[in-house]
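Asks: The listed protein sequences derive, respectively, from chains A and B.
In this text, residue positions in the first sequence follow the numbering used here: the first is 1, and each later residue adds one.
In this text, residue positions in the second sequence follow the numbering used here: the first is 105, and each later residue adds one.
It is worth saying that the hints were derived from the structure and are not from the lab.
There may be inaccurate statements among the hints.
What the hints assert, rightly or not - Covered stretches of chain B (in silico footprint by chain A; criterion: 3 or more residues with CB under 8 Å from a CB of chain A, positions within the stretch not fixed):
1) 343-350
2) 354-365
As the list claims (entries may be wrong) - The following label-pair restraints were derived from C-beta to C-beta distances:
3) B/G645 / A/P46: 46 to 56 Å
4) B/E372 / A/R18: 40 to 50 Å
5) B/G645 / A/E37: 45 to 55 Å
6) A/K49 / B/D437: 27 to 37 Å
7) A/R68 / B/M327: 40 to 50 Å
Beta carbons: idealized from backbone N, C-alpha and C, even for Gly.
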Amino acid sequence: MGGTIELRAFMGLQMLFRERGWSIPHTFEIEGEMTGEDLLVRLDIPRDKVESFFINRLAIAIEGSVIRPGDRVALVPPGVPGPHRLLLGIHNKAKSRELFGLSH
Amino acid sequence: MAKVIRVNMTDLTVRTEEAPAAWAGLGGRALTSTIVAEEVPPTCHPLGPNNKLVFAPGLLSGTAAANSGRFSAGAKSPLTGTIKESNSGGTSARLLSRLDIKALIFEGQPVGDAWYRVHVNKDGVTIEQETETLGKTNFAVLESVASRFSEDFGVLTIGPAGEQMMGIANISVRDTEGKLRSFGRGGLGAVMGSKKIKFITIDGDGSSPIKLADPNAFKAASMVFTKTLKDHPVSGQGLYTYGTAVLVNILHEAGGLPTKNFTSGQYEHHEKISGEKMYENITARGGEPSHGCSNGCVIQCSQVYKDTAGNYVTSGFEYETIWALGADCCIDDLDIIAEIDNVMDDLGVDSIETGVMFAVAMEAGILPWGDGKEIIRLLREEVQKATPLGRVLGGGTLAVGKAYGLTRIPVVKGQAIPAYDPRAVKGIGVTYATTTMGADHTAGYSIATNILNVGGKVDPLTNVGQVELSRNLQIATAAIDSTGLCLFIAFPALDIPECLGSAVDMINARYGIKLTMDDVIGLGKTVLKIEHEFNLKAGIGPEQDRLPEFFELESIAPHNVKWDMDQKELESFWNF
C-alpha cells in the first residue's frame, strides 16, 4: 500500500533539493515498501552521493535498508565529520572504497 | 640536540637541558603527560607553585607534513583536578620545533605582584617584567606585541580571565593571520595566570629547517599522507566546505543535539544555526568558508565569518561553540553567536565551558533563555571586570550550578560536557565518563577500525560494545595527539590504511627509527595509563568516572532514552 515519506538532506544534498525546488522536509510519494537503493533510483540521486540514511532518526546503512510509507528519511552525504561516524553507526565498515571515489 | 627549556618563575631563572633519552620517542600529549606525571605532585594545588605548565610540539611538528602544526599544553587542571592535555593550532608549534625545543616547562611561581612576559628565540629564553598589557584583552595583546616587537612572533597569551585565574580561562595562540586559536579546555589559562605570565613570544629568526634522518623516505611518505587527506570525502571535501558546524543538523536528526541545558535531544531552530546556514552566510558576505588554523593544513576546516556589512567577526567557528550557544542556550541567530565567539576569544575563555555554563546560568535565572546580547554584556561587564558575579560565571559550569542549587549540571570531573548527548550516543557517554581529561569529546575520536579491531555496527542507543569502542578510540586519539598531527586525520585513517601507515613512516624518516603501527598504538595505551595513574594519585578514581545523575533520571526526546550504563562495566574500561 502506498503513501508518503518525509525526506531531509544535509550539506551538498540540501543544495540539490533546492535546485529541484524541493523544500526541507520534502514530501515524497512511494508505492509501498522499498529498499534504500530503490529509493535513490526513484529520487534520481546517484548512489555515490549518499553515504547512509537516517530512518526515523536512526542511522542505517543503505545496503539492506527498507523504506516504508510514513517513514522520516534523511540522506547523509559522504563527507560528514565527527565522532558520531562510528558512535552513531554512519560509518559502515562494509562499504567499498569505490563509494568514496578513491583512486587507489 | 633537542632541548628542554625550564623557566623557573620563582627565581626567574632559565635552564636549558638536553632532552633525556627516555623522552626521545615522545612528543605532544605523550610528552606533556609524561612530564606532568613525573614532575608534578598529583595532590598539589593546580594554581600553586608545585604545578607546572608544559608546552610540547608533536613528533612531526615543524616538518613539511600536512596538518602537522598542532602542539600540546599540559598541567594539572584547576577545573578538573586531573592531569590535562589541551591541543592547539597556530604558528608556535612550528617555531618551537624549528628552534629544536622539545618542551618548554614553566615551574614555580613569583612571590610578588609583578607580571612577566617571556621571550623565546635561538639564543634561549628571557623573562621581562610586563606592565603595558596587564588587564588587556587578547586582541589588544596581539596588537601590542606586533607594534612593540614583531608581527611575525608566535604568541601565547592569556586574557583577563586567565589573569583572574578563572576556571573558564584558556591560553590563546596567534595564528597565521594574526587571529587566535586556543588551548581551550581545562582552565590552563588560569595556570599560566598563576605563574604571572601574561604572554610568551617566540621568534623563529635564525632557526633551521627540521633535519630529517631520511629526507627521501620522508618526502615519499608525506606525499602518500597528503593524498589520503585530500582523497577522503570528510577531510578532503566535507570539512573543507562546511567545517564542523555541519554536525548541527546531523545531531538534531540523531536526537543527540543537547538542547536547553540538556533537556532535549533536538532543537526546533537547528536550521538557523546549521553549518549549511553558516556556509550560505559566509559565501554571501565575502567570507572564507575554508581556512587553515596552521601552516601546511590541507583540511582547512576553519573559516572566516563576516557580518552583514562584510566586517570580520570570527574564525574557527566550531560546531561545539555554535551548539553550546545555539541549541544549549537557545540562541537561534548565527550572527549573535559569532559575535559572542569573538568576545570569548578576546577575553580568553573556553567556548565550550563558557557556552555550557551560560545554559546553566539561564536555567538558574541569571539571564533569559536565548538572550545573546545579555551574554555579551555579562562577559564584558562581569567576567572581564571580575565582579563577584563575574567570578561565579568565570568559575565554569559546575561553579554556577552549585552556586544556584541546580541538579542538572552537565559536567564530568568538573568539566562541561560538549555537544553530543550521551543518552542518545552511548559511546560518547563512555568517553565522557572515563577519559582522563574530564568530559572531552575529542578524547575518543574516530579511528581505524581495521587496525584497532573496532568492527561492526554499534547501536548508539544500547550499551553493547560501547566500552570497547570508546577504549579503542581513546587509545588511538592519545597516539595521534602525540604526533602533532591534526585529530581530523582520524577520518581518512578510518578508511584508508595508507593514511596512518604513512604517518608512521614520516615519524621513522624524521628520526631514523623503526616504529611499527603497534608501537604507535602502544604509545597511546601508555599515555592513557600514565594519565590514569596520575589521576588515581590525585584522588580521582572510579567513583568519578561517571556521568551526572540527571542523565539516569531524565529521558530525552525524540528517542526517550536515559543513561543506563552499569558502573561496573564502565570500570572495565581500564582492563587493558
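Asks: All hints are to be evaluated individually against the structure, with a verdict given for each.
Replies: Do the hints match the structure? See the list:
For the stretch 343-350 of chain B, the assignment as covered by chain A holds, since 5 residues bring a beta-carbon within under 8 Å of that chain's beta-carbons and 3 suffice. For the stretch 354-365 of chain B, the stated coverage by chain A holds: 6 residues have a C-beta nearer than 8 Å to a C-beta of that chain, and at least 3 were required. The hint said 46 to 56 Å for the Cβ distance between B/G645 and A/P46, and at roughly 53 Å that hint holds. B/E372 and A/R18 have their C-beta atoms about 21 Å apart, which leaves the hinted 40 to 50 Å range violated.
With their beta carbons about 50 Å apart, B/G645 and A/E37 fall inside the hinted range of 45 to 55 Å. Between A/K49 and B/D437, the C-beta spacing of about 31 Å keeps the proposed range 27 to 37 Å intact. For A/R68 and B/M327, the Cβ-Cβ distance of about 48 Å falls inside the hinted range of 40 to 50 Å, so the restraint holds.
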